[in-house]
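Position chain Y against the provided structure of chain X, taking the given hints into account.
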Amino acid sequence: MVEVACPSYVRSFTLLADNNRIAIHPILPIPEREEVYFYWNGQKLKAKRGEMIASALIANGISIFGHHHKDGSAQGIFCANGQCSQCSVIANGIAVKSCMTAVSENMIVQSLEGLPVLPTIDTPLNFEPLEYVKTDVLIIGGGPAGLSAAIELGKQNIPTLLIDDKYALGGKLVLQTHKFFGSQEDSSAGTRGIEIGRNLAADVAKYNSIEVWLNSTAVFVFSDKKVGILKDGIYKIVEPKRILNTAGAREKFLRFPGNNLARIYGAGAFQTLVNRDLVRPTQRLFIIGGGNVGLIAGYHSLQAGIEVVGLAEAMPVCGGYKVHSDKLKRLGVPIYTSHSILCANGKEAVESITIAEIDKNFQPLPGTEKTFACDTILIAVGLNPLSEFTLEAMEAGIPVEAAGDALEIAEASSAMFNGKIAGVKIAAELKGTRENPIPEEWYAKAEELKSPPGKTKNYQTPEKEEGIFPILHCLQEIPCNPCTTVCPTNSIKTEDGSLIAVPVYQGSCIGCGKCLLICPGLAITLVDYRKDKENPTVSIVYEVSNYPVKTGDKKILNDIDANELGEYIITAVKDFPKQHTQIVKFQVPKAIAKKVAGFRIQNKNVSTPLGNPVILEKTSDEAMVCLCERVSVSQVRELIKKGITDLNQIKAITRAGMGPCGSKTCEVLIKGLLRAEGIPEKEVVPNTKRPLFIEIPLEKFPDERAK
Amino acid sequence: MKKIYDIIVIGAGSIGLPTAYNLAKAGMKVLVLETEPSPGQGNNKKAIGGVRATHSDFGKINICLRSIEILKTWQEDKGEDIGWLSNGYSYPAYNEKDAKELQDLMQIQQNFGLNIKWLSPDEYSEIVPGILKEGLQGSTYSPEDGSCSPLLVSAAYFEHCYKVGVEFHFQECVTGFDISAGKINKVFTNKGIYSCAKVVNSAGSYAREIGQLANLDLPVFPENHEAGITEPVERFFGPMVIDMRLAPGSANFYFYQNNEGQIVFCITPDPPVAGIDNRSTSVFLPMCSKRMLTIYPRLCNLKVRRTWRGQYPMTPDGFPVVGIMGEVNNLVNAVGMCGQGFMLGPGMGELITRICLESTTDKDLKILESFDPYRQFTSQEAFK
Chain X
5 MVEVACPSYV RSFTLLADNN RIAIHPILPI PEREEVYFYW NGQKLKAKRG EMIASALIAN
65 GISIFGHHHK DGSAQGIFCA NGQCSQCSVI ANGIAVKSCM TAVSENMIVQ SLEGLPVLPT
125 IDTPLNFEPL EYVKTDVLII GGGPAGLSAA IELGKQNIPT LLIDDKYALG GKLVLQTHKF
185 FGSQEDSSAG TRGIEIGRNL AADVAKYNSI EVWLNSTAVF VFSDKKVGIL KDGIYKIVEP
245 KRILNTAGAR EKFLRFPGNN LARIYGAGAF QTLVNRDLVR PTQRLFIIGG GNVGLIAGYH
305 SLQAGIEVVG LAEAMPVCGG YKVHSDKLKR LGVPIYTSHS ILCANGKEAV ESITIAEIDK
365 NFQPLPGTEK TFACDTILIA VGLNPLSEFT LEAMEAGIPV EAAGDALEIA EASSAMFNGK
425 IAGVKIAAEL KGTRENPIPE EWYAKAEELK SPPGKTKNYQ TPEKEEGIFP ILHCLQEIPC
485 NPCTTVCPTN SIKTEDGSLI AVPVYQGSCI GCGKCLLICP GLAITLVDYR KDKENPTVSI
545 VYEVSNYPVK TGDKKILNDI DANELGEYII TAVKDFPKQH TQIVKFQVPK AIAKKVAGFR
605 IQNKNVSTPL GNPVILEKTS DEAMVCLCER VSVSQVRELI KKGITDLNQI KAITRAGMGP
665 CGSKTCEVLI KGLLRAEGIP EKEVVPNTKR PLFIEIPLEK FPDERAK
Chain Y
4 MKKIYDIIVI GAGSIGLPTA YNLAKAGMKV LVLETEPSPG QGNNKKAIGG VRATHSDFGK
64 INICLRSIEI LKTWQEDKGE DIGWLSNGYS YPAYNEKDAK ELQDLMQIQQ NFGLNIKWLS
124 PDEYSEIVPG ILKEGLQGST YSPEDGSCSP LLVSAAYFEH CYKVGVEFHF QECVTGFDIS
184 AGKINKVFTN KGIYSCAKVV NSAGSYAREI GQLANLDLPV FPENHEAGIT EPVERFFGPM
244 VIDMRLAPGS ANFYFYQNNE GQIVFCITPD PPVAGIDNRS TSVFLPMCSK RMLTIYPRLC
304 NLKVRRTWRG QYPMTPDGFP VVGIMGEVNN LVNAVGMCGQ GFMLGPGMGE LITRICLEST
364 TDKDLKILES FDPYRQFTSQ EAFK
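As they're listed, the protein sequences go chains X and Y.
The numbering of the first sequence is my numbering, which starts it at 5 and goes up by one.
The numbering of the second sequence is my numbering, which starts it at 4 and goes up by one.
Misleading hints may appear alongside valid ones.
[As the list claims (entries may be wrong)] Quick list of in silico lysine-lysine cross-link-like pairs, DSSO-like style, CA-CA up to 27 Å:
id: 1; chain 1: X; residue 1: 645; chain 2: Y; residue 2: 81
id: 2; chain 1: Y; residue 1: 120; chain 2: X; residue 2: 645
id: 3; chain 1: X; residue 1: 704; chain 2: Y; residue 2: 136
id: 4; chain 1: X; residue 1: 582; chain 2: X; residue 2: 210
id: 5; chain 1: X; residue 1: 138; chain 2: X; residue 2: 230
id: 6; chain 1: X; residue 1: 497; chain 2: X; residue 2: 459
id: 7; chain 1: Y; residue 1: 120; chain 2: Y; residue 2: 369
id: 8; chain 1: Y; residue 1: 28; chain 2: X; residue 2: 646
id: 9; chain 1: X; residue 1: 646; chain 2: Y; residue 2: 194
id: 10; chain 1: X; residue 1: 518; chain 2: X; residue 2: 429
id: 11; chain 1: X; residue 1: 646; chain 2: Y; residue 2: 136
id: 12; chain 1: X; residue 1: 459; chain 2: X; residue 2: 230
id: 13; chain 1: X; residue 1: 159; chain 2: X; residue 2: 245
id: 14; chain 1: X; residue 1: 74; chain 2: Y; residue 2: 75
id: 15; chain 1: X; residue 1: 675; chain 2: X; residue 2: 364
id: 16; chain 1: Y; residue 1: 32; chain 2: X; residue 2: 646
id: 17; chain 1: Y; residue 1: 81; chain 2: X; residue 2: 646
id: 18; chain 1: Y; residue 1: 369; chain 2: Y; residue 2: 6
id: 19; chain 1: X; residue 1: 138; chain 2: X; residue 2: 229
id: 20; chain 1: X; residue 1: 594; chain 2: X; residue 2: 537
id: 21; chain 1: X; residue 1: 645; chain 2: Y; residue 2: 136
id: 22; chain 1: X; residue 1: 646; chain 2: Y; residue 2: 369
id: 23; chain 1: Y; residue 1: 75; chain 2: Y; residue 2: 369
id: 24; chain 1: X; residue 1: 138; chain 2: X; residue 2: 245
id: 25; chain 1: Y; residue 1: 194; chain 2: X; residue 2: 686
id: 26; chain 1: X; residue 1: 429; chain 2: X; residue 2: 454
id: 27; chain 1: Y; residue 1: 28; chain 2: X; residue 2: 74
id: 28; chain 1: X; residue 1: 582; chain 2: X; residue 2: 608
id: 29; chain 1: Y; residue 1: 369; chain 2: X; residue 2: 645
id: 30; chain 1: Y; residue 1: 32; chain 2: X; residue 2: 645
id: 31; chain 1: X; residue 1: 364; chain 2: X; residue 2: 256
id: 32; chain 1: Y; residue 1: 166; chain 2: Y; residue 2: 32
id: 33; chain 1: X; residue 1: 468; chain 2: X; residue 2: 454
id: 34; chain 1: X; residue 1: 364; chain 2: X; residue 2: 74
Since the hints were derived computationally from the structure, they do not count as laboratory data.
Please read these numbers as outputs of a predicted model, since none were measured by experiment.
Just chain X, same shape as in the assembly:
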């Protein structure tokens, strides 16, 4: 604790340490940033200049930002993306979203308790004329798809406005510290997402015909063919000839008792806090959902020094790539398949989670309940395309394309490729080109890149126990092949030459280790019999250096499925700083050498369940479907039982969907509830979508020239 001088209006003199910052990270550099001070409920706190209030609070260990005006329950970060309003606080007297508002020197920040009080500012206002901007193409979203499209439009010198609501281009790529799948030529496979984002942004910057607006949110495509955009806090009207929607996706949420506790949120929020803002929002995390998003978030947590208590997946097998789940298990994170969340427990914020095994109908099996102490639950149960800008443009009669997750949920490798297709297509349309400019094979490639995982095969490892060669612990068909293109002796090929087939080693390995370093799944080891045939050396690629390893350390080795193979001593550690990677070597008996796939880093006791499971008295009916308006499952179910299947009427009666987020979360949950009640999808009337995409202060809109 540090004594600091503070203004008279501040009650407390205690300065909390901002301990929850990530000080070391295997992949990300930790920049030196200037410190500023601000006040939280009368307490002086440290922040980094320019960071968001939410991140500064989390860095100081504060996760409850206020209490909801309807039921007084605690609120904190939820989307970290400016879409909901759960993280609202009062900053210098005005209610703001703490995830989108930068902290400033001496800012007075207070928790939002109930409804905010409007500040009494009664000075007459001066209005400015609104700026109207014309462009050929408006691209909404500067992620992998938007950037790839912009590059194609730039090549053809087409006036393009690319907008993104963040302060940097790259979209979710800026959060992706891991290496990418796909193929090297089409989607920079083997390169880390953050670098791909930077490279694409640098490419875009080369073209004079592309204007980039950062910190710019599209609020609606109006019927008069104009798009309202809030740019750096100033409202502007853009009139595009074409629109490309590359705004990405939004995460699905789940219904379970306790789902309105603070410290439950999605993977996007988590990755933003951890990988962009470099704060540690949790000490002990539990993850729901074994798709790639959940699995990667688990891996990112370990790299951020966060304990991952476990991951539960409702299906018998994780939906994400097997190499991701294998990697996580090997590092010591248990994955509970055929398990679901029963409830989140805690007073105001998560203190523990109870999961249970589920049957074929997703019903929990009594007696299988397990409770784990954790402070945060991450929900990663899938994404939905952010399609509203596409639909709005269609209603307005502006020709529109979508690419990336806004079109269809797939990997970023696919987003880059279909973004490129969309860019070329729009350019051709604007130039009046008659014939289709897209070669047939591009569509085939686009299909291939978005392929879900296919069959799982057996190892096809050489019989011989001599020389040196790679073991490919990559047994599931996924669209990925950088190991085949990087091998200098051309010794790795996919089974049938296609992108999706599993790789097979056949040929003459020279032990260069390039395949180890490029493999996005970290699924290749190198076995070297040359020095000692009985006790060959196994090389394992490692990128969790915040759990440091050195020669002489003992580690528990395990096979592909995390079965333990015994404890062995590290014989060498080789650093590859450019790749942010290490290669760790062990000498092991030949009997296990080909099986070794990795080693455990997380202590087993992290994942030990509590002695007695916590089973809430609450039923699943008490789960919330609408967090904004605090509408419960039972309120909605009662209406469904009365025969109401129109989401607009459910909204009219319960207010579900009338809150600040605009039904971004509850619509999917209510549709799920209707499905669970046996209502056929064709009988369900969807919500009417209306402006605005996000809430915006009234003062942003006046047009001095308004008629």
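Relative to chain X, chain Y alone:
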């Protein structure tokens, strides 16, 4: 399939729902035909929720006084919380001419039994703190007017309709009538044929089209209006504020704080935008926010949450058209509510019921003079 009803009500909106409820309560066998999938999904839910008896004629003042009575006591009488707030209405005047006109009108309104008074600029600032005082001459204030949620009101009427046995057919569109000897005998829809003794046309923006199916020329012409709602904040001002002045591009505009704490606002485009188009335009917020913030800068930090567009089914003089037109003597028209269907609805539903049951009172007949389908449509509603 042929079914026989006493009365078929066309439209499950602001007028149709209270009408159906009162008819069924009186023992009628009622069928409501609605093209939307649920009640109140046309322009009812587009209403901003204000309910005033502050009108300029005997008919609307009295219908709305009754509406206020029904809505104000709804929770007590029927149980549902419809979000009623007796927050009052105010018409501030920013020049002497407007002040005089409003004060002259007040005389008439008071004579019709309306509780309305004149507030000085200082008195007005007390109930609307921070309102622009420069040029303010004072304001009318009718404290018994109020507001409630149109969504909750239509849901509540719907619930009570079910209790008294009203039958609803949603996503069903009236396509024609079988008319003989000046009477509708059958109603044709895209899904069936129904026989009935009487038909109520409460089809809102589509009232003219329904009239045409019966060879009537109802002077109902929808005009598009846009509205918006903000985030909720602690209550900070009382009444609905209506600024009647003309400005380039717009006529009056108005806003109030509902019982959730949200500010709901709306503007009347000038010239009017005729037709039916529910798509939002880029013009509304820049225009409406400018006018609102000019007279009430305190609203500047309020965040706009949602905007929408709906229709005012207008008549040439701004008064509804209610009653039977001679050519078809069992078709009761309750149309052309001119954007006031929500506030007229509860009282109007009772009146339509009495017309259908042929039990109108002398007062009803006097009220109906305002809404006479055969009037000349030459006068102009002061509070259109």
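Problem - Contradicted hints - numbers only - result: 2, 10, 11, 12, 18, 21, 22, 27, 28, 29, 33 and 34
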